[in-house]
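Enquirer: Chain by chain, the residues:
Protein chains: 4
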Amino acid sequence: MENLRVVEIKDIPSKEINIFGRLGKVRQPLPLLFNGSGVEIVVTGSDLWIDIETDSDFHEPWIAYELNGAFMSRQMMLPGEHSICLFRNMEPSTPKRVRFYRELQAMSEANRCKVLVKGFRLDGEFCEVPKYTRKLEFIGDSITSGEGSYGAVTDVDWLAMYMSASVNYATMTAKELKADYHIFSQGGWGVYCGWDNDVRHNIPSVYEKVCGLAFGDPVATELGTLEPYDFDSWQPDAIVVNLGTNDATSFNQPPLYIPEEDKTYKMRLNEDGSYNREDELKIVGAVENFLTMLRKHSPKAHIVWAYGMLGSDLNLAITEGINNYRSKSGDQNVSFFQLPNTTMETYGAHMHPGLKSHENATKELTHYLRVKLNWND
Amino acid sequence: MENLRVVEIKDIPSKEINIFGRLGKVRQPLPLLFNGSGVEIVVTGSDLWIDIETDSDFHEPWIAYELNGAFMSRQMMLPGEHSICLFRNMEPSTPKRVRFYRELQAMSEANRCKVLVKGFRLDGEFCEVPKYTRKLEFIGDSITSGEGSYGAVTDVDWLAMYMSASVNYATMTAKELKADYHIFSQGGWGVYCGWDNDVRHNIPSVYEKVCGLAFGDPVATELGTLEPYDFDSWQPDAIVVNLGTNDATSFNQPPLYIPEEDKTYKMRLNEDGSYNREDELKIVGAVENFLTMLRKHSPKAHIVWAYGMLGSDLNLAITEGINNYRSKSGDQNVSFFQLPNTTMETYGAHMHPGLKSHENATKELTHYLRVKLNWND
Amino acid sequence: MENLRVVEIKDIPSKEINIFGRLGKVRQPLPLLFNGSGVEIVVTGSDLWIDIETDSDFHEPWIAYELNGAFMSRQMMLPGEHSICLFRNMEPSTPKRVRFYRELQAMSEANRCKVLVKGFRLDGEFCEVPKYTRKLEFIGDSITSGEGSYGAVTDVDWLAMYMSASVNYATMTAKELKADYHIFSQGGWGVYCGWDNDVRHNIPSVYEKVCGLAFGDPVATELGTLEPYDFDSWQPDAIVVNLGTNDATSFNQPPLYIPEEDKTYKMRLNEDGSYNREDELKIVGAVENFLTMLRKHSPKAHIVWAYGMLGSDLNLAITEGINNYRSKSGDQNVSFFQLPNTTMETYGAHMHPGLKSHENATKELTHYLRVKLNWND
Amino acid sequence: MENLRVVEIKDIPSKEINIFGRLGKVRQPLPLLFNGSGVEIVVTGSDLWIDIETDSDFHEPWIAYELNGAFMSRQMMLPGEHSICLFRNMEPSTPKRVRFYRELQAMSEANRCKVLVKGFRLDGEFCEVPKYTRKLEFIGDSITSGEGSYGAVTDVDWLAMYMSASVNYATMTAKELKADYHIFSQGGWGVYCGWDNDVRHNIPSVYEKVCGLAFGDPVATELGTLEPYDFDSWQPDAIVVNLGTNDATSFNQPPLYIPEEDKTYKMRLNEDGSYNREDELKIVGAVENFLTMLRKHSPKAHIVWAYGMLGSDLNLAITEGINNYRSKSGDQNVSFFQLPNTTMETYGAHMHPGLKSHENATKELTHYLRVKLNWND
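Protein chains in written order, with this note's numbering: chain V, -12 to 364; chain W, -12 to 364; chain B, -12 to 364; chain S, -12 to 364.
Since no wrong hints were added, every one of them can be taken at face value.
For identical chains, the list gives no copy identity; a pair is met inside one copy or between any two copies.
Keeping only pairs whose Cα atoms sit at most 16 Å apart, straight-line, the calculated EDC-like set for lysine to aspartate or glutamate is:
#: 1; residue 1: K287; residue 2: D259
#: 2; residue 1: K253; residue 2: E265
#: 3; residue 1: K359; residue 2: D259
#: 4; residue 1: K315; residue 2: E265
#: 5; residue 1: K350; residue 2: E163
#: 6; residue 1: K12; residue 2: E214
#: 7; residue 1: K105; residue 2: D(-2)
#: 8; residue 1: K269; residue 2: D185
If you are wondering where the hints come from, they were derived from the structure by calculation, not from laboratory data.
As the structure is a prediction and not an experimental result, all values here were calculated from the model.
With the rest of the complex left out, here is chain V:
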């Protein structure tokens, strides 16, 4: 490592680095705020290291990296400064493409959790990195956070190590379509409320901030995650919204009392097991409102609500919301697409989609986007 020169992120020309994931104003060190957030470079030389700094409390971040498009490693990062060797002793003159990324979702209840990329150490040169002309944004819950994509079927703990961007339909779809992509997801959250009836856990309420999920100090202050996100800086060709699974679950969960409001929340079922219409309409309205918000920030993106990997119980409520939005706005550039359900054969850990389920979803969604966006290769 002694013979390697250090290059900070800020000193790498933009044509020699691809950055994945939403960003605020901080660029040095570069914060990786979401799962899938990462850096991609092409370098010559025999050895390459990356310098990062991480912090965390209960939920430690995991990272992964790939070489020339192939998965090479994923590992747990405990708090501290780390120099990680990404490759060594390779043929020096051949350009190597490396992608390093965060596995763990933005953690809404882990104030200290962060991954910062400071720079690289290498004995070669940075080359121009192929640029992505296509852009996809994925908005979701635990499914899009890759929860259970690692782990045994019987594992039930709720831990960082089970989540990923590496075994994840969002990452796979973006790779398959050769697209840059953003992930904005949070396990347990919904479009109207969380799995446990917590109405604060809705994605729209945090979507307009850089990373509204990381709301606690010191990260929020330091990295500016609670500042408004500059949507103009990155306009997706398509937005994939995979929300609703937790809203559906809330109907079968006990009421939730929120002390700050001295109020109890509960999505109710009718006696015949169907959804209480009043409560269902809250979801319908939330879908409509979220589409309005998304359209405001991304005027040209195709917006597809892609739902169904853990059941499709909300198909009608979601489409009612979409149709209401469509009807009022006249906007035709929205659609609904059902993803294949997860079955006993395709579960990962704690009843979440495993690799095979993410592969199934990738196949269907990729085909859908290819046709819809006229991406013919």
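Mind docking chains W, B and S on chain V? Use the hints.
Expert: Below, chains W, B and S alone, put in the same frame as chain V:
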């Protein structure tokens, strides 16, 4: 064949024969009106023949049969009386289960087309046939008629031989779920209009007759296909409606002039390629009305609109219709379920689903129905 | 059918017809002696019929046909003259490629069993048919006769309807490699003896006659099946020998008494369950001798012993025979290739390979032959 | 980590730890000499760490671990002492099963390369670990070292990071069969000579030492890898020998000059491309001799030569060696089994088997061993 005794359909006790498919009042000879319509028996003896009578003009019917659940033969039937050997020289004492069925859909424009089962010839005995406690009804278009399920990818003629019940998600789903089933389908038709803007080609307009599709003489008169169907005679546990594919196509087809009405029909696209709202609402209304009709006749059935094997462009229009129905009726026992799309790898003949696509649909739909109906084996 | 003209096989120029399968001197009517034996033509016109004559006793022949490479029908043929419609009402100007073939193996114990093609009836013209520049010969037992490729897993009768050329690794491999092919196979037979220790049931003893399997009158006399086969008339690029499965089974079967010889035969096991060396050497010798015979008749063909679809117990005995042959002859153009075994998931009827097993074998064997023969497309 | 107690390997009762892989006399710290060598424990508690020491020069070792049978991480280990957190913050009372193992093969040309396990840190208790009653030994080359099981198809560097035990048919087969297992493999080596005609690179010459592959100081002295291996300490039920691929390659490689012997080695081809018989017999003899050696040390094991994942060119030479051994020894407890070849669809990095190929081999080999060893679950 000389040593075999002849048994007419009417002389077989009902516990010794399963009849698949909708029926009118005629039982002898037994008309097989739809694809999938057929008979199933369990017999001992070494040899078994079936006596049938068929007629047709341009589109000849095809039939198929299976032995102990395994496909054995499919063949073209030209007009005439036929005695078909279903097996011979088998071990006499072992009971054999045989299902004989029509491959070709009800033909809406082929007056003479018919398949009548007169009876069996055998040297053994009829045994009790296992009865199906579950019932499924499938309503659809060319997809449910198995169009293109046989034939080369490059074949484009519109012919009877390319259609089937044997390679068909409806049949496969029913078998997988051990269910009796009805198919009511017609290639080219829709819920509001046909693929070519022909508004007469909508399934609801013929659904309430025994086989409203076979509207020409002599078959209609002889077999009573145009009489009202007695829905009480067979109440399904679930109705799968796979309609919309042709309605969607009509937007991209030229106007259709109907001389009898001196009127031209055309589903219109907006300049941006989206659906003209006025025309889209015709589909929305047709969906709503058809659901009302279905519910009237099948008060307890779960109704699932299962759509998407040839694109999902109408997802929003269909769900708008379902939601309107749901909202007005308060009926919660309806749902929308998207079937996996057909891709280059899964096409059969003339751009219709092939075997692999029907298998994919079967897998998803079977899982859906199993969960929804609580059919746990 | 009235408007069609009749064309006899003998009147079709050779460039307008492909004939599959071994032939003797008879060409009109054309005998289809083996499973896979058949005719292939390309015709214009709207309608096509084939005229055949069949005879049989216990084991009736089955036939199948495909249109433009896609399976269309298979059916049982009872004794008599038959005109079978292969297609009707098709777009007349488009050339249609049709292959009609025998499903049932040559029947060694069914004297009358035969399928004769007399000619075609059509309203179009014969076109030049694409010729195959590659030739494959398959020699085998029940596996290559497609036994159990149709039928339910539980079926155990030994009947013609369970055998096929349509669901058969030999046919699939030839199609995948775009090759003309011959099948020479017989269920229950081996390279040294049959499954039941019957030493008369060895393929080498009949291989040099046109169809030594059909040894009874009247077919033998009429069709010349017992005359020496003219190997020069058709020289394969590769010979695939799939024999040994029945030789292996014989060790576990009771002794067989042959009255004509007043002698009892039995392949013996040692006490530890291994093969008696003396008996094993009979197989070793039979392999060596058969290779010598094959090489004599096909000096340039690559000969691959491809074995293992129902267990690989004879791997060492077979390779010992091959190595002995190789060592003595100096011939290096022989090889051994193991085919994937059939498992519970891939069985067809009566514990024989089903469709999935034949597909697995096809995949491996196709890849092997492609590399070995340098067939790079 | 402060609250955890340290437990050395030597202090863990044998019923509370499973050790995978060959061992010499050193137990503390526990050397992991081969890929797949590792430790498995079941513990309660919230946190678990492992303490290891590694060293290396050019080829750094990689390690991987799994939790409750599911892959969790793999990472590069650079020289030094490492404490690796295997899990944290888990539900304390639930027993967790953890397997930690070496990814990198024994490195024959990397003197310093080693992985030593010193012990664990935990806040729970060791539980009894389920014991394996079945034992499998795998002997092989780069295939069994998992070379190319990681990495992009286009990667061609020969580096440690591309090898694994985690994506490896040996590991998968052992897991599928619930068996303890040993791997003894070396990339580039053969049964008679290496891929480059280096006759020193034959597995039999090093097989009888603990880890004859790690022949350089300081590791050899320190860990006793060059001492005779105590075969009585671990008797396998079956030995899978996957050798021959490099012997076959040597025929197509240039001659190799060995300075120490002042001699040049070359496996020769005949003009027609077949193997020079004299050279082929060297392989035949090496196979025979190696079987004799294996039998000497493992009197009761079933020995199967399982070969073919990168072509089957040596099928006849290998079986000739096996048959010679069988003939001379009378030993019938040996067999030959061909593994499925790797194709364009299943390659990993630098033309070696990828995940899909290892899965295919696992499926076939598992079925073979299950039947052969009568392991019926």
